[in-house]
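**Student:** Sequence:
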Amino acid sequence: MSVVAISPRKHPPGRTNRTRLVRQRTAPTLTITVELGSGSVSPRLTRLLELLGELAESGEGQLSHDLADRPEAEQDPRAVRILTGPRTVRQGDRDVPLTRIEYDLLLFLAERPRRVFTRLQLLNSVWGYDHAVARTVDVHVRRLRAKLGVDTPLLTTVHGVGYRLADDARVTVER
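Just so you know, we're using the UniProt record's numbering here: the sequence shown kicks off at 1 and counts up by one.
Careful: at least some of the hints might be erroneous.
[To be verified] Derived DEER-like restraints, expressed as beta-carbon distance ranges:
1. PRO43 <-> ALA134: 47 to 53 Å
2. VAL116 <-> LEU51: 34 to 40 Å
3. THR156 <-> LEU120: 42 to 48 Å
To be clear, the hints were calculated from the coordinates, so they are not data collected in a lab. We treat Cβ as the ideally placed atom computed from N, Cα and C, and that holds for glycine.
Take these sequences, add in the hints, and give me the full structure.
**Tutor:** Below you can see the structure in the form of structure tokens.
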């Protein structure tokens, strides 16, 4: 864990024509970085995350989205975590064995929530080509749904268009 304190700073004198605006800090900023491994979170770390969440809710601080979702995702057996470093997917406390294409398809949709993609767009973006049969996407979506279980609403079919990540999908991407 690393803690960084940043003092307030003002714009340098005589630098009014800057091409990029720098946000002026009016109060000290404290940044806390916690390395969260692929294992479970300890009770003390869970409590720290809860306290940081309470500070954010009260308006006294800001909490990163990934950090806020991590303890909740580990408690929900239907929550899906995509770990980009080792290219693995975990659902609750189990590893989900996915093929390269299934993993890439899930990651692509998880990184672009609320967007609908046609089969041809998915073939081009995930497979890297668009000259295959469009029903190939349907087969991979069906296999992905089967591996994650029918109780986990993850991918939504938009009839006549394509697929997207479900609105109530509990998916986090951890880099």
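**Student:** Indicate, hint by hint, whether the structure satisfies it.
**Tutor:** Cross-check of the supplied hints:
1. PRO43 <-> ALA134: 47 to 53 Å: 49 Å, holds
2. VAL116 <-> LEU51: 34 to 40 Å: The hinted range 34 to 40 Å holds for VAL116 and LEU51, with Cβ atoms some 39 Å apart.
3. THR156 <-> LEU120: 42 to 48 Å: Between THR156 and LEU120, where Cβ atoms are some 18 Å apart, the hint is violated.
Violated hint for the displayed structure: number 3, the only one.
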